[in-house]
Amino acid sequence: VAQRRRLRELVERLGDAEIIGDDSLEVSRAASLSGADAESISFLHRADYQDQLKTTAAAAVVLAPAHVGLTDITRVVTANPYAWFARLATELHPPRVAPVGIHPSAVIDPAAVIGQGVRIGALVHVAAGARIGDRASIGAGCIIGEEATIGADTLLHAQVTVYHAVSIGARCILHSGTVIGSDGFGFAPQDGRWIKIPQIGRVRIGDDVEIGANCAVDRGALDDTVIEEGVKLDNLVQIAHNVRIGAHTVIAGNTGVAGSTTVGDHCIIGGASTLAGHLTIVAGTTIAGGTTITRSIAQPDTYVGVFPSDRRGEWLRNSAHLRSLDALARRVKRLEKASEESIVKDET
Amino acid sequence: VAQRRRLRELVERLGDAEIIGDDSLEVSRAASLSGADAESISFLHRADYQDQLKTTAAAAVVLAPAHVGLTDITRVVTANPYAWFARLATELHPPRVAPVGIHPSAVIDPAAVIGQGVRIGALVHVAAGARIGDRASIGAGCIIGEEATIGADTLLHAQVTVYHAVSIGARCILHSGTVIGSDGFGFAPQDGRWIKIPQIGRVRIGDDVEIGANCAVDRGALDDTVIEEGVKLDNLVQIAHNVRIGAHTVIAGNTGVAGSTTVGDHCIIGGASTLAGHLTIVAGTTIAGGTTITRSIAQPDTYVGVFPSDRRGEWLRNSAHLRSLDALARRVKRLEKASEESIVKDET
Amino acid sequence: VAQRRRLRELVERLGDAEIIGDDSLEVSRAASLSGADAESISFLHRADYQDQLKTTAAAAVVLAPAHVGLTDITRVVTANPYAWFARLATELHPPRVAPVGIHPSAVIDPAAVIGQGVRIGALVHVAAGARIGDRASIGAGCIIGEEATIGADTLLHAQVTVYHAVSIGARCILHSGTVIGSDGFGFAPQDGRWIKIPQIGRVRIGDDVEIGANCAVDRGALDDTVIEEGVKLDNLVQIAHNVRIGAHTVIAGNTGVAGSTTVGDHCIIGGASTLAGHLTIVAGTTIAGGTTITRSIAQPDTYVGVFPSDRRGEWLRNSAHLRSLDALARRVKRLEKASEESIVKDET
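Going line by line, the protein sequences match chains A, B and C. Counting along the first sequence from 1, when you hit position 206 you're at 913 in the numbering used here, and nothing is skipped either side. Counting along the second sequence from 1, when you hit position 123 you're at 830 in the numbering used here, and nothing is skipped either side. Counting along the third sequence from 1, when you hit position 282 you're at 989 in the numbering used here, and nothing is skipped either side.
Calculated from the structure, these hints are not laboratory results. Among these hints, one or two may not hold up.
[To be verified] Capping the alpha-carbon separation at 35 Å, the derived lysine-lysine pairs in DSBU-like fashion look like this:
id, chain 1, residue 1, chain 2, residue 2
1, C, 1040, B, 1040
2, C, 1052, A, 1044
3, A, 761, B, 903
4, A, 1040, C, 1044
5, C, 1040, B, 1052
6, B, 1040, A, 1052
7, B, 761, C, 1052
8, B, 1052, A, 1040
9, B, 1052, A, 1052
10, C, 1040, C, 1052
11, C, 1040, A, 1040
12, A, 1044, B, 1052
13, A, 1052, A, 1040
14, B, 1044, C, 761
15, C, 1052, B, 1052
16, A, 1040, C, 1052
17, C, 1052, B, 1044
18, B, 1052, B, 1040
19, A, 1052, C, 1052
20, A, 1040, B, 761
21, B, 1040, C, 903
22, B, 1044, A, 1044
23, C, 903, B, 1044
24, C, 1044, A, 1044
25, A, 1044, C, 761
26, B, 1040, A, 1044
27, C, 1040, A, 1052
28, A, 1040, B, 903
29, C, 761, A, 903
30, C, 761, B, 1040
31, B, 1052, C, 1044
32, A, 1052, B, 761
Isolated chain A, as found in the complex (with noise of 0.2 Å):
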């Protein structure tokens, strides 16, 4: 079902590009250089993808000024190939939205605040005292909670709970199950048992903020949980209470944040990463992928802690010393010292 859209009318409404070649040919997917048919337009990011780029069976293909040579395709050249075919394969297949209005099975309590041109799924909650943005689209089965606030063009997929004070900025995306707002983890000790600390701050999520599925955002201990705006997070993240994320940061899925760390703008963090609460993360830092963080980091650069796997026998074989390094670095310094002597005494 999918529309054909003349090459350079695409070309002109998105701007920032030209064409080699066969300006006239229509296109009505986008698609991969591997998945490409004879309707689909494709792109290359890498170099190193080139050699699908010879086989592919694209009608035409985005690149940059310094592949132009790569192919006799008709080429889009421009000088973000990958965020130029993201417009592109946004205008060639358009997000599905919901019809506007209210499911008739969605449950609205009277005291809820509903924006205009919003569109509310099948089986939704809102809750007294709640905000719903112009335009916001709220998936089926989402819980929105007292006094919460969505923003406006902000899509909820389907599952998503908020919890009651939690503040959600414009033009976000929340993916199913995540859940914004649940309680800090705070216990105070007393007597063999755990007191619960009671969580009475909130979150608050800037604009333009996508979270991922099955995602955890808790909400402060006493000041905020903030998200700040431009945010990427992937599926099953943990932020914990009282943390920031600073804009524009971006967390890879299986990473968790714990309690008030604050993350700089701009960072990279890798998946199945761990950062270790009360820590501070300068703007700009990246961290690799199953990285534990335990420590502040004041100088924007690539951190990496993990443990290089092997085969097991290997494995067994090397890392039982790690039990003793220690113990190895001074047999070393006895050696040195051993050597040193030794010369001396042939010296002498």
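Put chains B and C on the given structure of chain A with help from the hints.
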């Protein structure tokens, strides 16, 4: 309310086993050796449980020919006791099934296609164009997106979310909170912001797949994310966009597989492990729990990459040297050189 | 809308503390030192926050006798300021409670048993044979399975899923997206396929347990999975089948406990840690965040197994040697032998 069944009948029904002892006795429960009572049948899986075999109250026990001599209790002898016991336990404790039919509180779009003998629970939403296969069971609170396909005899427990155009095979089991078809994590940097790459691929799940609770399986960016037949995923597993998991591979809990990685057939991947993106893992590979894999694996073997834990004091002392391991290695090299020279000198 | 309360009254009500300064002042908010205003009461938990004490706008501060001299602000002096402040904050900011009664959109099976003073939110499903204890609160969108039991005064936030026959104690708190009672991950290999082991055990959760958002607690295979009283689990925690978590143990986010492992009472397990299966962890053990435990622990102590992170260049240089650590150790041994021989030679 369990029903008593004569042992002889059970063995005749399931086949591939013979009884040593009283074949007329009756059992009503499958139980562990330590949890068994006089109406229970239990099993011995590995010889290291033979202490429990001595004290079990079970009426009968399933075991391998090699272990027949370990007890005088009535035995069911079979080549693969664990698998045989699994079938026996299913016979004694058949899964609960909801009544056939659609709960009156479920919201089924008129343009959805519902098979024969389907069970749809309370507060389910099935969107337009979705197809529910014959005898499938959709638990309470599930949300099935537009044009999604659920195969025959597939069981979705409560609160599963299936995005639009996802395809799930026959005889699958999906547990609660799991999300299939959320957007992959794809953004292109431009001018200090992240442009969303539309995720227009699908998720295709083969037959006989089981997926645990609170997992997330992302749809592909352009091509599809694929989970082949017989795959088993534990809880809280993250499968990123364009991943392919080969047939009959098992992945334990809290594991993440990053984008575009291909895992071969019959792999065993331990819990809390991480596979970086764009890797190829050969069929038959085993990866130990807690391991991060950053390079493709071409040789099937068992791979490990776990930092050995230790008491804090020891860990502090030993791990400190990891930050100067290269220096230590160079110091050893220098000592070796000095030692060689001194030998040469001694010999001259 | 917070209400002003006189400090003297609050201290009389909560006990175990005395006021130094103006006991007639009024406060309406519990706040952090840095987030406090003139109507706030704050607290000093550890001496390293004393800089914030100097600049706080709080009207009063809760602190320990040892810290009385650090400020002139009105002080509430008590032996355990953190726990006392927790009770104070609960007094000033009582938890939101839903109105008593059953929301008209909830679907309650006629064969469910609902206690006195229960609150059941919108779009909840309670299945046949389930029992909801007195004064329990079931948030919007929760699904309670057949014959599940929810204890008195227990609070389920929105979208919790409780499978059939699960038992949850009194005064528990479960956060959104959490799944209790999904099948354990049990499969027996046969002829290159995996046969499902039916999971016929249950989950039993004691009193005063709190479980965070998007956790998964599997039911037992044959025996039960058990979480004892007073346990606190953070978000995205995975508890596999037949695990037992001892009383008053706390487990931080993203942690996984594999099948049949027993964790003793009063353990503290940091975030993103992994406990392998079939282990026994003695009571009183502390495990640092990010640690993988592969052996049982018999001695209560603090255990760590984190690979220290470093800048990428340093990490590359140092970690490369881990794959030849055994060879390095043997080279040191050889040098020691050579050195001894040379000493022997020198001395002879």
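Evaluation of the provided hints:
1. 1040/C <-> 1040/B: holds, 13 Å
2. 1052/C <-> 1044/A: Within the cut-off at roughly 18 Å; holds.
3. 761/A <-> 903/B: holds, 27 Å
4. 1040/A <-> 1044/C: holds, 15 Å
5. 1040/C <-> 1052/B: holds, 22 Å
6. 1040/B <-> 1052/A: The given pair, whose Cα atoms are some 22 Å apart, holds under the 35 Å limit.
7. 761/B <-> 1052/C: Between residue 761/B and residue 1052/C the Cα gap is close to 62 Å, so the pair fails against 35 Å, i.e. violated.
8. 1052/B <-> 1040/A: holds, 23 Å
9. 1052/B <-> 1052/A: At roughly 14 Å apart (the allowed maximum being 35 Å), residue 1052/A and residue 1052/B satisfy the hint.
10. 1040/C <-> 1052/C: Roughly 18 Å separates the two Cα atoms, so the pair holds.
11. 1040/C <-> 1040/A: Cα-Cα ~13 Å, so holds.
12. 1044/A <-> 1052/B: holds, 19 Å
13. 1052/A <-> 1040/A: Distance of about 18 Å is within 35 Å: holds.
14. 1044/B <-> 761/C: violated, 60 Å
15. 1052/C <-> 1052/B: holds, 14 Å
16. 1040/A <-> 1052/C: Within the cut-off at roughly 22 Å; holds.
17. 1052/C <-> 1044/B: Holds, because 19 Å separates the two Cα atoms, which is no more than 35 Å.
18. 1052/B <-> 1040/B: holds, 18 Å
19. 1052/A <-> 1052/C: holds, 14 Å
20. 1040/A <-> 761/B: Distance ~55 Å between residue 1040/A and residue 761/B Cα, so the pair is violated.
21. 1040/B <-> 903/C: violated, 55 Å
22. 1044/B <-> 1044/A: Distance of about 15 Å is within 35 Å: holds.
23. 903/C <-> 1044/B: Not OK: residue 903/C and residue 1044/B at ~60 Å, beyond 35 Å, violated.
24. 1044/C <-> 1044/A: Roughly 15 Å between the alpha carbons, so the hint for residue 1044/C and residue 1044/A holds.
25. 1044/A <-> 761/C: violated, 52 Å
26. 1040/B <-> 1044/A: Between residue 1040/B and residue 1044/A the Cα gap is close to 15 Å, so the pair holds against 35 Å.
27. 1040/C <-> 1052/A: Holds - the C-alpha atoms of residue 1052/A and residue 1040/C are around 23 Å apart, at most 35 Å.
28. 1040/A <-> 903/B: Given that 35 Å is the threshold and the Cα spacing comes to 55 Å, the pair is violated.
29. 761/C <-> 903/A: holds, 27 Å
30. 761/C <-> 1040/B: Violated, because 55 Å separates the two Cα atoms, which is more than 35 Å.
31. 1052/B <-> 1044/C: holds, 18 Å
32. 1052/A <-> 761/B: Distance of about 70 Å is beyond 35 Å: violated.
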